[in-house]
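Chains as they are written, first to last, in the numbering used here: chain A, 1 to 113; chain B, 1001 to 1109.
You may find that some hints are simply not true.
Pulled from the structure, derived: some chain A residues nowhere near chain B, Cβ distances all over 12 angstroms [claimed, not checked]: (1) Q11; (2) R22; (3) V24; (4) R69; (5) P70; (6) S73; (7) N74; (8) D86.
Just a few of them, taken from the derived set where beta-carbon distance is under 10 angstroms, the chain B residues facing chain A [claimed, not checked]: (9) N1030; (10) N1031; (11) Q1033; (12) W1040; (13) N1045; (14) Y1048; (15) F1086; (16) A1088; (17) R1090; (18) A1094; (19) L1097; (20) T1098; (21) G1100; (22) K1101.
For the record, the hints were derived by calculation from the structure and aren't laboratory data. Where a beta carbon is used, it is the ideal one built from N, C-alpha and C, also for glycine.
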Amino acid sequence: EPEVTQTPSHQVTQMGQEVILRCVPISNHLYFYWYRQILGQKVEFLVSFYNNEISEKSEIFDDQFSVERPDGSNFTLKIRSTKLEDSAMYFCASRGHSGNTIYFGEGSWLTVV
Amino acid sequence: GIQVEQSPPDLILQEGANSTLRCNFSDSVNNLQWFHQNPWGQLINLFYIPSGTKQNGRLSATTVATERYSLLYISSSQTTDSGVYFCAPRRRGADGLTFGKGTHLIIQP
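Bound-form chain B, shown alone (with noise of 0.2 angstroms):
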């Protein structure tokens, strides 16, 4: 199956920092997701980034297929952003997504 590494595994920043989060795979995809655990272990969607950029607000993703990897930026981070992140993409011919093992955010007052 597809191997998917997220990067860094744990992050601290104080509030209203930036950080990029990394998601790289093994392999033709046609589908990626971005999601946002949080600690109430709901999984909230943030994107559908198969390919391409896309901006929601103070987050912003990036993917480029052809060289097998995806970024998540938050700017000017919040203690609401606190949870693990999920890069989730799909094989093509598969059906089903391959999580990472997330990046682990806390942002500190």
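Excised from the complex, chain A in its bound form (with noise of 0.2 angstroms):
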């Protein structure tokens, strides 16, 4: 069965440091999300982006955070100056035009020291 599939599996970064997490999201899938999970909080949505362009952000997905498709399989979630509270799982996610199911990556653990 095809799968999202996220790089790196997990990194360590120093506070105030530049972080970019990539994802392969499903071929032929048109919907691309980002979600995060602090430990043993719940998985709280970031973006979604479809057709080049975000769709929707939520209040977390703040000036530090972007994201992008720099080629016809990649999508990318950069944060720029990154925070101690930023340490948590990444989720990428995907969704075809025609279904509806979205689809998870196994998730990227950015530990922030």
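Hey, can you piece these two chains together into the complex? The hints should help.
Next comes the structure, spelled out in structure tokens:
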């Protein structure tokens, strides 16, 4: 079964550094998402992306976050200047044009020290 | 935004037992998914069920959209069923899923 793949699986970074999390959505999917989950808490929606632009974003997705689809297969989340509270699992997800099921990747665990 | 409440928050059962997990939501939805988060943190998609009833092996789910709730049934529980179960509806007009806080299920041998 096709799956969403994410890299890296785990990253440790210094506070203030820039981080880029990468995702390869399921091919022929058109809707892309990033979610995050702080340890022990619920999964929170960050942003959705369709047709090369952000279609919806949450209050969490402030100016330090950005997303990009640099080519036909990758979808990235950039955190410009990481803070301790950015430590979380970040999930990428995708959905097809005709389908409604959203499929999640295995997550990228970010630790900011 | 839409409010999502899941109950119970924690559940401890013996292997072989049955359980019902509930999800209440506060707004009209056009999508609802149930996920199982395993001990490694992976989110496994169980059901896409904005309305009606579906079954997949020992698991089944029912959503009554007009009354704004969904139920997940687990029968003959196994230790591998342990983990956190999340309900995640998508409000009409929105793009993202809103997750509940989950039900933490522990199945003891």
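Results of checking the hints against the structure:
| no. | hint | verdict |
| --- | --- | --- |
| 1 | Q11 | holds (15 angstroms) |
| 2 | R22 | holds (18 angstroms) |
| 3 | V24 | holds (17 angstroms) |
| 4 | R69 | holds (16 angstroms) |
| 5 | P70 | holds (21 angstroms) |
| 6 | S73 | holds (21 angstroms) |
| 7 | N74 | holds (20 angstroms) |
| 8 | D86 | holds (17 angstroms) |
| 9 | N1030 | holds (8 angstroms) |
| 10 | N1031 | holds (5 angstroms) |
| 11 | Q1033 | holds (7 angstroms) |
| 12 | W1040 | holds (8 angstroms) |
| 13 | N1045 | holds (6 angstroms) |
| 14 | Y1048 | holds (4 angstroms) |
| 15 | F1086 | holds (6 angstroms) |
| 16 | A1088 | holds (7 angstroms) |
| 17 | R1090 | holds (8 angstroms) |
| 18 | A1094 | holds (7 angstroms) |
| 19 | L1097 | holds (6 angstroms) |
| 20 | T1098 | holds (7 angstroms) |
| 21 | G1100 | holds (7 angstroms) |
| 22 | K1101 | holds (5 angstroms) |
Hint compliance for this structure: no hint is broken.
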